[in-house]
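Q: The opening residue of the sequence shown carries number 33 in the working numbering; numbering runs sequentially from there.
Any given hint could turn out to be false.
Okay, derived cross-link-like pairs now, SDA-like style, lysine to any residue, Cα gap no bigger than 25 angstroms in a straight line [as the list claims (entries may be wrong)]:
1) LYS170 to PHE280
2) LYS114 to ASP82
3) LYS54 to THR279
4) LYS188 to ASP82
5) LYS153 to LYS74
6) LYS54 to GLY145
7) LYS159 to LYS273
8) LYS74 to TRP250
9) LYS47 to PHE280
10) LYS156 to ALA247
11) LYS114 to GLY257
12) LYS75 to VAL86
13) LYS54 to HIS207
14) LYS225 to ARG244
15) LYS225 to TYR215
16) LYS153 to GLU61
17) LYS47 to GLY145
18) LYS159 to ILE294
19) LYS47 to TYR215
20) LYS225 to LYS153
21) LYS153 to ILE276
22) LYS75 to THR279
23) LYS153 to VAL86
24) LYS39 to GLY133
25) LYS153 to LYS39
26) LYS114 to LYS153
27) LYS74 to GLU284
The set of hints was computed from the structure by calculation and includes no laboratory data.
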Amino acid sequence: MIHLKTKEEIELMRKSALLVSKTLGLMAELLEPGISSLELDKKAEEFIRDHGGVPGFLGLYDFPNTLCMSPNEQVVHGFPSKVPLKEGDIISIDCGVIMNGFYGDHAYTFAVGEVSPEIEKLLKITKESLYLGIEECKAGNRTGDIGFAIQQHAEKNGYGVVRELVGHGLGREMHESPEVPNYGKRGRGVKLKEGMVLAIEPMINLGSRNIRQLADGWSIVTSDGRYSAHFEHDVAIVDGKPDILSTFDYVEEALTKKGALI
33 MIHLKTKEEI
43 ELMRKSALLV
53 SKTLGLMAEL
63 LEPGISSLEL
73 DKKAEEFIRD
83 HGGVPGFLGL
93 YDFPNTLCMS
103 PNEQVVHGFP
113 SKVPLKEGDI
123 ISIDCGVIMN
133 GFYGDHAYTF
143 AVGEVSPEIE
153 KLLKITKESL
163 YLGIEECKAG
173 NRTGDIGFAI
183 QQHAEKNGYG
193 VVRELVGHGL
203 GREMHESPEV
213 PNYGKRGRGV
223 KLKEGMVLAI
233 EPMINLGSRN
243 IRQLADGWSI
253 VTSDGRYSAH
263 FEHDVAIVDG
273 KPDILSTFDY
283 VEEALTKKGA
293 LI
């Protein structure tokens with residue numbers, strides 16, 4: 033069942049999404065070679081609670097942490113660890129928050145120090161594909177229009193689009209209907225309506241689109257061991273058009289100050 037939101041509910045969801053955005057901004061400030069993802073996870077939980085939210089992932093489906101931390105060939109759902117991040121790594125940080133009874137869910141893939149031009153391009157194209165998908169998030173369009181836009185941009189650049197993991201509706205539950213695949217055909221799928229709120233989240237691989245799950249039952253990795261990128265926004269359909277509730281402004285401000293914005 034698809035739960036349409038009122039404009040008042042969407043404003044509450046914007047507050048949840050923006051707390052996630054600010055948390056990711058803090059991660060951008062702290063992220064550097066030598067820090068561990070577990071250290072970042074602890075800082076994120078403290079920040080969320082200090083700002084009136086509750087970590088949305090902690091305990092969800094028995095997940096043990098505040099953040100999903102997925103470095104390099106890990107696509108999504110990685111556990112924070114004590115292993116220090118090193119120069120040339122990338123890491124997808126996916127964060128969820130509950131505030132005012134609604135979830136925010138939002139992700140960014142960061143470069144750790146200097147990365148190769150090949151990896152810079154992967155990050156750039158994946159982020160671009162997210163915004164191309166968001167442009168299709170209009171009343172009267174269908175989920176296939178979103179997926180088509182993402183898939184076309186990624187595949188024309190030679191990348192693999194993960195198919196087993198998808199975006200989703202968002203609201204009082206972390207995962208609501210409809211599913212929002214990052215691939216598809218125009219005019220196919222669920223029709224988009226006023227009041228829908230969607231988490232749109234392309235997961236794009238440098239090589240093959242194929243993935244596998246590790247023995248921990250959570251971490252998803254690329255089958256060929258090549259890097260993967262993941263960016264996510266929360267998007268509401270308001271007055272028939274996409275309204276992005278989350279923002280990368282806090283991340284990009286912090287990265288710009290560090291001279292690390294790609």
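Q: For each hint, tell me whether it holds in the structure or not.
A: Evaluated hints:
1. The suggested pairing of LYS170 with PHE280 holds, with an alpha-carbon distance near 21 angstroms, which does not exceed 25 angstroms.
2. Of the pairs offered as hints, the one joining LYS114 and ASP82 holds, with about 24 angstroms between alpha carbons and a cut-off of 25 angstroms not exceeded.
3. Restraint check for LYS54 and THR279: the C-alpha separation of about 9 angstroms stays at or below 25 angstroms, so the hint holds.
4. As the CA atoms of LYS188 and ASP82 are separated by approximately 44 angstroms, the hinted pair breaks the 25 angstroms bound.
5. Pair hint LYS153 plus LYS74 does not hold up; C-alpha atoms about 30 angstroms apart against a cutoff of 25 angstroms.
6. The straight-line distance between the Cα atoms of LYS54 and GLY145 is roughly 21 angstroms, inside the 25 angstroms bound, and the hint therefore holds.
7. As the CA atoms of LYS159 and LYS273 are separated by approximately 20 angstroms, the hinted pair is consistent with the 25 angstroms bound.
8. The suggested pairing of LYS74 with TRP250 holds, with an alpha-carbon distance near 20 angstroms, which does not exceed 25 angstroms.
9. Straight-line distance between C-alpha atoms of LYS47 and PHE280 comes to about 14 angstroms, which keeps the hinted pair within the 25 angstroms bound.
10. Note on LYS156 and ALA247: the hinted pairing is violated, with a Cα-Cα distance of about 31 angstroms set against a maximum of 25 angstroms.
11. In summary, the hint linking LYS114 to GLY257 is supported, as the alpha carbons are separated by about 21 angstroms, within the 25 angstroms threshold.
12. Taken as a hint, the LYS75 and VAL86 pair is honoured in the structure, with Cα atoms around 13 angstroms apart against an allowance of 25 angstroms.
13. Restraint check: the Cα-Cα separation between LYS54 and HIS207 comes to about 22 angstroms, which is no more than 25 angstroms; the hinted pair holds.
14. About 34 angstroms separates the Cα atoms of LYS225 and ARG244, which puts this hinted pair outside 25 angstroms; it is violated.
15. Of the supplied pair hints, the one linking LYS225 and TYR215 holds, its CA atoms being roughly 20 angstroms apart against a limit of 25 angstroms.
16. Distance check on the hinted pair: LYS153 and GLU61 sit about 22 angstroms apart at the alpha-carbon level, within 25 angstroms; holds.
17. A threshold of 25 angstroms between alpha carbons decides the hint, and for LYS47 with GLY145 the separation of about 31 angstroms lies outside it, so the pair is violated.
18. For the hint linking LYS159 to ILE294, the alpha-carbon distance of about 11 angstroms falls within 25 angstroms, and the restraint holds.
19. In summary, the hint linking LYS47 to TYR215 is not supported, as the alpha carbons are separated by about 29 angstroms, beyond the 25 angstroms threshold.
20. Restraint check: the Cα-Cα separation between LYS225 and LYS153 comes to about 34 angstroms, which exceeds 25 angstroms; the hinted pair is violated.
21. Restraint check: the Cα-Cα separation between LYS153 and ILE276 comes to about 24 angstroms, which is no more than 25 angstroms; the hinted pair holds.
22. Note on LYS75 and THR279: the hinted pairing holds, with a Cα-Cα distance of about 20 angstroms set against a maximum of 25 angstroms.
23. A distance of roughly 34 angstroms separates the Cα atoms of LYS153 and VAL86; the hinted pair therefore is violated under the 25 angstroms criterion.
24. Taken as a hint, the LYS39 and GLY133 pair is honoured in the structure, with Cα atoms around 15 angstroms apart against an allowance of 25 angstroms.
25. Using a Cα cut-off of 25 angstroms, the hinted pair LYS153 and LYS39 is violated, with the two alpha carbons roughly 37 angstroms apart.
26. A distance of roughly 28 angstroms separates the Cα atoms of LYS114 and LYS153; the hinted pair therefore is violated under the 25 angstroms criterion.
27. The suggested pairing of LYS74 with GLU284 holds, with an alpha-carbon distance near 22 angstroms, which does not exceed 25 angstroms.
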